[in-house]
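For reference, the chains in residue letters:
Number of protein chains: 2
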Amino acid sequence: MRYELYYWPGIQGRGEFVRLALEDSGADYVDVARDAKRGMATMMRFMESRAIEHPPFAPPFLKAGKLVIAQTANILFYLGPRLGCVAKSEPSRLWAHQLQLTIADWVSEVHDTHHPIAGSLYYEDQKAEARGRAAEFIANRLPKFFDYFEWILKRNPKGSEYLLGKKVSNVDLSLFQMIEGSRYAFPKTMARLEPGHPRMVALHDRVMARPRLAAYLRSPRRLAFNEQGIFRHYPELEEQEQD
Amino acid sequence: MRYELYYWPGIQGRGEFVRLALEDSGADYVDVARDAKRGMATMMRFMESRAIEHPPFAPPFLKAGKLVIAQTANILFYLGPRLGCVAKSEPSRLWAHQLQLTIADWVSEVHDTHHPIAGSLYYEDQKAEARGRAAEFIANRLPKFFDYFEWILKRNPKGSEYLLGKKVSNVDLSLFQMIEGSRYAFPKTMARLEPGHPRMVALHDRVMARPRLAAYLRSPRRLAFNEQGIFRHYPELEEQEQD
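So the sequences go chain by chain: C and D. If you number the first sequence the way this note's numbering does, the last residue is 488 and the count never jumps. If you number the second sequence the way this note's numbering does, the last residue is 488 and the count never jumps.
Rather than coming from a laboratory, the hints here were simulated on the basis of the structure. The reader is advised that the hints may include incorrect statements.
A pair holds if it fits inside one copy or across any two, identical chains being indistinguishable in the list.
To be verified - With a Cα cut of at most 27 angstroms, we get these calculated BS3-like pairs of lysine-lysine: (1) K399 / K411; (2) K372 / K389; (3) K399 / K433; (4) K412 / K311; (5) K308 / K333; (6) K311 / K333.
Here the structure is a predicted model, which means the values were calculated and not measured.
Could you put the whole structure together from the sequences, leaning on the hints where they help?
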């Protein structure tokens, strides 16, 4: 089956978590809105269509045959067993999904560091508030997420190479992306955090070295981080004095 | 099986979405942290325990036999078929879960109207920023969520009584809670929004009239809305002039 991924074309954003899963497993997919000629028009027509049985609230969404699935974690829940990257028992799937949803919460908090007031306004219009929110995020929330996932790696009864059992899963790919994005957005904070979280750093490197993923990351299909995405590098958000 | 729900004892919060599912189906459960003597101590010990196989990042979490499941939507995904309130086919479950995750995003946005800067600070310390975030939420986001769910009700091929098919599901109970909470937090805005969203109002009333749920809502098990929860009534957040 050829999967169709629909997501805003200029950013990694939430779509990237789905791309990493598709790329790492070598799945056949098309990134619909990235087609320079008709991509965005196709996605917008799709979103406004009255004919879709299960209309998404927002991208990303995935077309898989007749199914249309939205919400990043839900897409990954669907893809997991199909791409062979999650155990099939119900407790394992629930646990993987629980971690994926925790990452989804983390993603939203990253977004709100530069958009604490309104997604519909520019960063420049909420810069003062962003400084406050980013200070809190850097001081408390980012370390909390790092501590949690480091702990999950540490206590994996099958070893600390991956979050779940002995094999890589979508949650590992997503955690790689969180580390990669955090390095882009908050390099100074990460320089402080990483030494205390060696298992996460090792997981990041282990994921990045996977042959298909390494090829993807070098390819033009991997968009660069930029200041329209979720992870944005605004040095002023990191450089303020902490209270 | 007697389910054990773990959630902060003084508020409806995210735990309420799980409570509504358990109450409506007449499930046997105990709201662990509400035990005045040892509840909170039990929950905190649980969260700090090194022995749990799948430790939660935060409450709510549900203990079901040996399973421990966190993340509200994940708990409801698990409970759905067991409480008999969701269709069992994979496309139906994915669709229900997609809507549940959209409600989870909505809940986070409600929370951030009064805590746009930091969950660790008091509302009083971020009041000015809360005015900005709430203005955006009231003007754009709340209507967007209402329009979306009204549309989903309207286009349900099995009729507009419920979101999915012909029968009530957890998503309907959660949508009831969103309407109930929005009425508490944003009464003026709701007075404007409700006439344009008749199917949602009817769904709210239909859910509230369900015998087990009606009994629950009258019981002391239903906590009152208050200014420690997610839905808070701060009149100043609604009364400002819109730009």
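Legend entry - Within, between, both or neither, where K412 and K311 count as close if Cα-Cα is 27 angstroms or less: Cα proximity of K412 and K311: across copies only (23 angstroms, versus 30 angstroms in one copy).
Inset, instruction - At 27 angstroms max between alpha carbons, let me know whether K399 reaches K411 within a copy, between copies, both or neither. - result: Within one copy only: 13 angstroms inside a chain, 46 angstroms across chains, cut-off 27 angstroms.
Legend entry - Status of K333 relative to K311 across identical chains (alpha carbons, at most 27 angstroms): both (23 angstroms within a copy, 18 angstroms between copies)
Legend entry - Homomeric proximity label, K372 with K389: Cα distance no greater than 27 angstroms: Classified as both: same-chain Cα gap 24 angstroms, cross-chain 25 angstroms, threshold 27 angstroms.
Inset, instruction - Evaluate K308 and K333 at a C-alpha cut-off of 27 angstroms and name the case that applies: within, between, both or neither. - result: Answer is both; intra-copy 22 angstroms and inter-copy 21 angstroms each pass.
Inset, instruction - Have a look at K399 and K433 and pick one of within, between, both or neither, based on CA distance no larger than 27 angstroms. - result: within (25 angstroms within a copy, 50 angstroms between copies)
In this structure, every one of the numbered hints holds.
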